[in-house]
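Based on the sequences and whatever the hints tell you, model everything.
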Amino acid sequence: GFPSIEERDLFRVLISVPGIGPRLGLTLLSECPPAQLTTAIREENVKFLASFKGIGKKTAERLVLELKEKIPLFPGEASPPLSPERTGILADAVSGLVNFGFPAARAEKAVRAILARQETMDTVEVIRAAFKELSR
Numbered sequence: 006g007f008p009s010i011e012e013r014d015l016f017r018v019l020i021s022v023p024g025i026g027p028r029l030g031l032t033l034l035s036e037c038p039p040a041q042l043t044t045a046i047r048e049e050n051v052k053f054l055a056s057f058k059g060i061g062k063k064t065a066e067r068l069v070l071e072l073k074e075k076i077p078l079f080p081g082e083a084s085p086p087l088s089p090e091r092t093g094i095l096a097d098a099v100s101g102l103v104n105f106g107f108p109a110a111r112a113e114k115a116v117r118a119i120l121a122r123q124e125t126m127d128t129v130e131v132i133r134a135a136f137k138e139l140s141r
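Going by this note's numbering, the sequence shown opens with residue 6, and the numbers climb by one from there.
In case anyone wonders, no lab produced these hints; they're calculated from the structure.
Among the clues, some could well be false.
[Said to hold, decoys possible] Cut-off 27 Å, straight-line C-alpha distance, at most; resulting in silico cross-link-like pairs (DSSO-like, lysine-lysine): (1) K73 <-> K63; (2) K75 <-> K52; (3) K73 <-> K114; (4) K75 <-> K58.
And the structure:
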């Protein structure tokens, strides 16, 4: 078994890439924490990925190409950067939620999750969605 559901899910995503079999997927996960691995893929760090046994430059490039948009965020991993417009929505939505009495850290986490899922929401819609999520 896997130590966590997140690692199992990452393993399944990794082996969906042509050229990455179960053995290579397990090697990657055993040699690198999931958050570091997903960050390397998202940041297109081919050199880092190619440093693992069994992964050459072409396989590392394929990993990045196939998985950059598919891989989930893991605890301890930085969220992908937001566009300037989305950063403004983030700041406004978090401020609004803090004014409603929610802790800033929880508000920011909820808003980031919503912005990652939804591409076309304005500030008011983001606040509504985050309010629902935080009120559960």
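Are there hints from earlier that the structure breaks, and if so, what are their numbers?
-> Violated hints: none; all satisfied.
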